[in-house]
Amino acid sequence: MAKWRKAFPVDLADESFISRREFARFLGLVSAGFTAGIGYLWLRKKPLDGAPGPKGIPESAVDLGPADALKPGQSRLFTYRDKDDRCILLRTAEGELKAYRQTCTHLGCAVRFNGGQLECPCHNGFFECGHGFPVQGPPTRPLSGIALNVRPDGTLWAVGDLPKPGEGKEA
Amino acid sequence: MRPKAPRTAMTSFALGMGLLILVIQVYLFETVLGSVLDGHRALLGGAFIASLTLTIVALVMAFRIRGMDSGPRGKDEP
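Here the protein sequences line up with chains L and F, keeping their order.
For the first sequence, position 49 (counting from the first letter as 1) is numbered 49 according to my numbering, and the numbering increases by one without interruption.
For the second sequence, position 27 (counting from the first letter as 1) is numbered 27 according to my numbering, and the numbering increases by one without interruption.
Bound conformation, chain F alone:
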């Protein structure tokens, strides 16, 4: 029987992924803003879809992942 991975490992991964998504979003926004100022508007649609996808992933992880807090429990966790 395989030992179960500790739950905190998954939640740390989720938190790290959230941070990574935020870094990507900052880079994406900075790139998009520079491109718009240079007159390249064609990439805005693709950038918006990419950004929306990242945000949905971040929000799903933030609200749906169980056992996010390995230490003291959050206010809304059972």
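Bound-form chain L, shown alone:
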């Protein structure tokens, strides 16, 4: 008899046998896992990547430099809430400044600006620049937008989270 078989004396027939009781316990355990996951989301204070921050809490403003630094079709990256909250600032072809979180709403890859649209290279998802709506590929939710403000001295500031498109209609 092989050494490993002596060390683990389980018959192959028993290895493949799962009783109803064991299967039901497995179902209960998986169900408990989902409950723990929801409980974790409930207790977690920090928003998930791509989620807007809690309402009612004033958010700090972040200086993004001169407002006219970007030409139409250009973009640059910045961080907002903390060093892991990566965002992208872009100027659309029409000359509008927009900022979004870089986190794709599909599986969380970083989106990039291709001059006309925001694209997620992982699964070829595309978002339009105006409001961050998905226009092609697997994403179904819009990107999380950042509110911008140009101050009288010509500097551009990120000043908070934009409400998700359609959020105002629910109230």
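Watch out, some of these pointers could steer you wrong.
To be verified - Here are the simulated distance ranges between beta carbons:
hint: 1; chain 1: L; residue 1: Pro121; chain 2: F; residue 2: His40; range: 28 to 34 Å
hint: 2; chain 1: L; residue 1: Arg5; chain 2: F; residue 2: Leu19; range: 20 to 26 Å
hint: 3; chain 1: F; residue 1: Gly46; chain 2: L; residue 2: Thr140; range: 48 to 54 Å
hint: 4; chain 1: L; residue 1: Leu29; chain 2: F; residue 2: Gly46; range: 21 to 27 Å
hint: 5; chain 1: F; residue 1: Phe63; chain 2: L; residue 2: Glu128; range: 48 to 54 Å
Source of the hints: derived by calculation from the structure; they are not laboratory data.
The beta-carbon is built from N, C-alpha and C at its ideal position, and this holds for glycine as well.
Position chain F relative to chain L; hints supplied.
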């Protein structure tokens, strides 16, 4: 005298209920995650209580229902 229902009918029901609970849990978790990503955190408390209730039902059925195995007996059943 009414004939007794076979015990396996009840245990099959319990097993089916466990599967149904798991499907509901998957749907609930997916919905909750999407809502949290959209910034709606208010439903988390209710979702947690609903999920906890379903889990308690599933665990009670898994551990307390007698005669779950109608075929070969499980390791821990007399």
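Sort out which numbered hints this structure fails and list those numbers smallest first.
The structure conflicts with hints 2 and 3, although it agrees with all the remaining ones.
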